[in-house]
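A.B. asks: Please arrange chains B, C and D on chain A, whose structure you already have, making use of the hints.
Number of protein chains: 4
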Amino acid sequence: MNTYSPVRVGVAGASGYSGVELLRLLSRHPGARIVAAMGSPGAEPRHIPALRRVWDAPVNGLDLDVLAESTDAVFLALPDHAAAEVAPPLVARGKRVFDLSGAFRLRDAGLRKRWYPKTQDSTQPVVYGLTEHNRDLLKDSTLVACAGCYPTAAIMALKPLLTAGLLQTTAPIIIDAKSGVSGAGKTPTERTHFSECHGSLSAYGVFEHRHAVEIEQELGTAVTFVPHLLPIDRGILETIYARLVPGADDAAVGAALQAAYAGSPFVRLTGKDLPEIKHVAHTNFCDIGWRVHEPTRQLVLISCIDNLVKGAAGQAVQNFNVAFGFDEGLGLN
Amino acid sequence: MNTYSPVRVGVAGASGYSGVELLRLLSRHPGARIVAAMGSPGAEPRHIPALRRVWDAPVNGLDLDVLAESTDAVFLALPDHAAAEVAPPLVARGKRVFDLSGAFRLRDAGLRKRWYPKTQDSTQPVVYGLTEHNRDLLKDSTLVACAGCYPTAAIMALKPLLTAGLLQTTAPIIIDAKSGVSGAGKTPTERTHFSECHGSLSAYGVFEHRHAVEIEQELGTAVTFVPHLLPIDRGILETIYARLVPGADDAAVGAALQAAYAGSPFVRLTGKDLPEIKHVAHTNFCDIGWRVHEPTRQLVLISCIDNLVKGAAGQAVQNFNVAFGFDEGLGLN
Amino acid sequence: MNTYSPVRVGVAGASGYSGVELLRLLSRHPGARIVAAMGSPGAEPRHIPALRRVWDAPVNGLDLDVLAESTDAVFLALPDHAAAEVAPPLVARGKRVFDLSGAFRLRDAGLRKRWYPKTQDSTQPVVYGLTEHNRDLLKDSTLVACAGCYPTAAIMALKPLLTAGLLQTTAPIIIDAKSGVSGAGKTPTERTHFSECHGSLSAYGVFEHRHAVEIEQELGTAVTFVPHLLPIDRGILETIYARLVPGADDAAVGAALQAAYAGSPFVRLTGKDLPEIKHVAHTNFCDIGWRVHEPTRQLVLISCIDNLVKGAAGQAVQNFNVAFGFDEGLGLN
Amino acid sequence: MNTYSPVRVGVAGASGYSGVELLRLLSRHPGARIVAAMGSPGAEPRHIPALRRVWDAPVNGLDLDVLAESTDAVFLALPDHAAAEVAPPLVARGKRVFDLSGAFRLRDAGLRKRWYPKTQDSTQPVVYGLTEHNRDLLKDSTLVACAGCYPTAAIMALKPLLTAGLLQTTAPIIIDAKSGVSGAGKTPTERTHFSECHGSLSAYGVFEHRHAVEIEQELGTAVTFVPHLLPIDRGILETIYARLVPGADDAAVGAALQAAYAGSPFVRLTGKDLPEIKHVAHTNFCDIGWRVHEPTRQLVLISCIDNLVKGAAGQAVQNFNVAFGFDEGLGLN
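Protein chains in written order, with the numbering used here: chain A, 1 to 333; chain B, 1 to 333; chain C, 1 to 333; chain D, 1 to 333.
Worth flagging that the hints you see were computed from the coordinates, not collected in a lab. This structure is a prediction, so every number in the text was calculated from the model and none was measured. Be aware that a few hints might be false.
Which copy is meant is left open, so a pair is good if it fits within one copy or across any two.
[As the list claims (entries may be wrong)] Once the Cα atoms are required to be at most 30 Å apart in a straight line, the calculated DSBU-like pairs of lysine-lysine come out as: (1) LYS272 to LYS139; (2) LYS159 to LYS139; (3) LYS186 to LYS272; (4) LYS139 to LYS113; (5) LYS272 to LYS118; (6) LYS272 to LYS113; (7) LYS113 to LYS186; (8) LYS113 to LYS159.
Chain A on its own, in the form it takes in the complex (with noise of 0.2 Å):
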């Protein structure tokens, strides 16, 4: 594919946030055109006000036979049952599809089944689309199941000291996490209420939640995870607890993740100075600090995304971007 010849690009469900989102970086993507903006079936034409002057068209009810002829490529930011659907006839008819939906993230059929009941089983390839972690499967990628939000975070501070074996796996890995409410989409709910959210704190899904079976997975190793709401419309914190192995210390810390993301624009190592979400809000930059106890070589990793950029839209589009040829970061800066 020629640089900058513009690909054709469809995203059905651009009403909801990570929708939007993806709207906002495709208009002003020099690699890609929108042709196609739908939401659900049957779903009236909307305009969305915060777009105006930059994506004025209509998101119009979903069309699976518009999609399909229209596009080169589709960006699928739908529930999770309707991405399963509608992802593999548009596979079957030639579309690279970029999935931000769960629907094809766990490999293991058992584990799918249980946490995605809604879900078809599939026969599909898939890449997972953590694109720091696979920029060479997502070259030949057909299908990209991008990575959850959550796992985003948690992967990218622990894959590369896990792979330099750097951390102890008989001692627990802790992942508490905390996210922006629009992390739990646009649908409202009692507890996406305003009134539940502002002055508050909760944590949900205790020992329960779908992203920790997809950080184990990526990881290969077990992890405790609890997920907070956050009083906060985007971004994720989470503060990962884990032990050194003996003679591991910061350095080696440091060493493995700059040996990691040495060529990745997109990870920013921020070492002692740990990171804010304020700092990453409205960015597809992953901000990682850590610090170290040595005595008893209890590592703290702060890792930051913004769950509809880095974590959502902004990765799709950098993976897109990787399997298009294109500069990792074009349209993201």
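C.D. replies: Frame of chain A; chains B, C and D shown alone:
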């Protein structure tokens, strides 16, 4: 009635925001004993987590007979149409009713039909429950239509000045009102989704809000009323613009307000030190401050309340206190 | 000037909120190259964590000579008195200066002395930098006094209507303005303490805010201006009340605004769908909506901007674009 | 002491957040009469706007003699070093002192010197003021070092389980703590600026927070403690990770907590329904919930308090009640 002989009270609509506030206040009220806490008809029994150890009984489904048989007085924190149905039979059975909805506030049948189309006509004698301005009527009331949240803040500031003849009524009186999201009720909607409100501000209902009609009824003059949805949980601040008549000045404004509220424990006149929502949150106070631009006689009034207390549950209890001969502030301090 | 030949720019006051926003915008601006980023005189070199990988050089102490020697244009995001000192010598040395402070905005010497007492008189020719209304003057400008944040939102909404003779100027024009806390600057004060703002709202500077004077200068008519501190980081919403002259109506308002902003890429007229801060945050847009109560010809305008972008850094860049012959939106989309 | 004979109390440091909360509570306390409200030495008399009609007297400059002469008991809400200076002479003059600072909490002289270097050594007998765990000692106390906010939430959850031998102490006990900004005090800093906190989250003091030392002193075991600054005004939620010993399970955890807090009116055990900050805000409750992953015996505890009430002023009053023989909950409901 003997002082401090507990009145048996019921709360209908007890699981909404105003209802929970009523339970919180009444459970500690020395002159009341909650004998029934009910939600909507058919609702499953539900405990209120925030009220554990304060009010531990479940909120049951609405049962009009139980309510009528067990209580002396009933607080209604129901939707308008439900309150319109429930109040008359309760009054007919000798209960004193304190209604927090808008069902009975408008006296003009035509306006009532237009702005509360789901409520039926009623021939109940109704007392408008803005305590400070209707103490005498409250004493003999059977059905009290407690004042709306926006109207409370507006009328408290404006009525004494209009009564004293200090305001030009040819010039428009403008009420720029800002409310926390709990004022929109507990039902989740796109409007009340955390991510839609956080970091934002919006106006709504311009020239089309029924609280404007309620304000005009009580003031006897037209107003321009524009409400805004604030990214906070609770509290209302209204910035009110009016012109003083020739000869009137800052001192006259202060004198009229002080005269009106000399015996009112919940009105705090702050003068030039303008009120802030933070100072009234979680209290039954109405704080009123003002500034006058002498050359143009432009008056700016700031009026602040907690919409769930002085704007709803607190004022209902204050009305209850006056109606039953208790000290006006009993259980509210 | 050749298109896209990068202009060498400097930013003084680069570590405040507007300064950081300037660095963010200019670092990606195809027509500018940042050659100097400076804070206050004597400040220690400081990195901006949020800008890692975007702008990695340190912000150094202010050095006027370095600034003058290395740049073609200078953006000043300094306190008023510092800007008043620094701008004239820079202009004298041939630099084009874009000042974001209030130091040069008021043309009347008496008013300037009263409202900006620490600034000295100046004989510099100054262009008032509200881009949409001064494009011609900007082309030949040497010193641009970029419009204040509150004035930008107010003047954008009102000026076309006053010019078209649609507003009664005998009736008071009322501007009820609400701003995010970043508008108060980065210096920590009791007023900007998180716990003082969160969950609250307050009015301040009633009849005593210098932005009222700036608005009156540009509109040529008196206004009543009341600003409020909103519990959000960034964004301004102004609710503006005025009376239409006899014969004017909703359509006339729309026509006047459309005519005024036909060629303005950053003005979005939303008509009856009123603007919200969320829709303009992090953009250079000014969104304007309105409603008219025909019986009384009462007009309500809602005008929204991001105070750090269209109200500060974005507008400064927009002015820079016009001044240097670039496309007005370059680097701002 | 006779029940309800009012104790004459003084509050030093009355204009900070904890001090204002003390005035709010004590002004309504049937067993106390505030006879002195003082700020720092030399402070100008200052009224507390939020407390008008609740506590109308001014907060004066600190005067140790007046304080000693007029009171029976003194609450200190001063900075650590000031409390360290003021408490001993007050005790020497027969006053019972309730200190909310950290000055007297650490019993080990070395640790105290390291973490509170500005405080002097003291030979005062000190009672650690975590009410539920020290009721007997409080009865005869002269100087009470009220527990810190973070330690309160942590110790309340962990101590009964450690005492019951349910927790592995070889595995690390991890306390991931999140606090509202009022916990950082009222002095404006860059850290507490609204725009730095809003929409963000950050960790701080990793391995370097003196509250970790206080927790370890009271628990007798090492912990990993990471505090975070939440974008809310008040409230603490701590997510605590520990391993159960073989044989221990969910029921054992519940039994140990119930046994420990059977007679404690301010502890609410929520079991699997995890606590939320919203439910404890503005109350003296400590809510504790938990989940156990049986296969790994991983325990997750959630402990919530209002940092200004149970974490400061409320607990000080609770300690006062026990010390003076009042009902433990007097004035706190």
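A.B. asks: Is it within, between, both or neither when you check LYS272 against LYS113 at 30 Å Cα-Cα?
C.D. replies: Classified as between: cross-chain Cα gap 26 Å, same-chain 41 Å, threshold 30 Å.
A.B. asks: Measure nothing new, just compare the shortest in-copy and cross-copy C-alpha distances for LYS113 and LYS159 to 30 Å and report within, between, both or neither.
C.D. replies: within (26 Å within a copy, 41 Å between copies)
A.B. asks: Using 30 Å as the alpha carbon limit, work out where LYS272 and LYS118 are close: within a copy, between copies, both or neither.
C.D. replies: between (43 Å within a copy, 27 Å between copies)
A.B. asks: Is it within, between, both or neither when you check LYS139 against LYS113 at 30 Å Cα-Cα?
C.D. replies: within (28 Å within a copy, 60 Å between copies)
A.B. asks: Using 30 Å as the alpha-carbon threshold, which applies to LYS272 and LYS139: within, between, both, or neither?
C.D. replies: Answer is neither: 35 Å inside a copy and 46 Å across each miss the 30 Å cutoff.
A.B. asks: When Cα atoms must be at most 30 Å apart, do LYS113 and LYS186 count as within-copy, between-copy, both, or neither?
C.D. replies: within (25 Å within a copy, 35 Å between copies)
A.B. asks: Go through the copies and call it for LYS186 and LYS272: within, between, both or neither, with a Cα cutoff of 30 Å.
C.D. replies: So LYS186 and LYS272 pass the 30 Å test across copies only (24 Å; inside, 36 Å).
A.B. asks: Are the CA atoms of LYS159 and LYS139 at most 30 Å apart within a copy, between copies, both, or neither?
C.D. replies: within (21 Å within a copy, 54 Å between copies)
Violated hint for the displayed structure: number 1, the only one.
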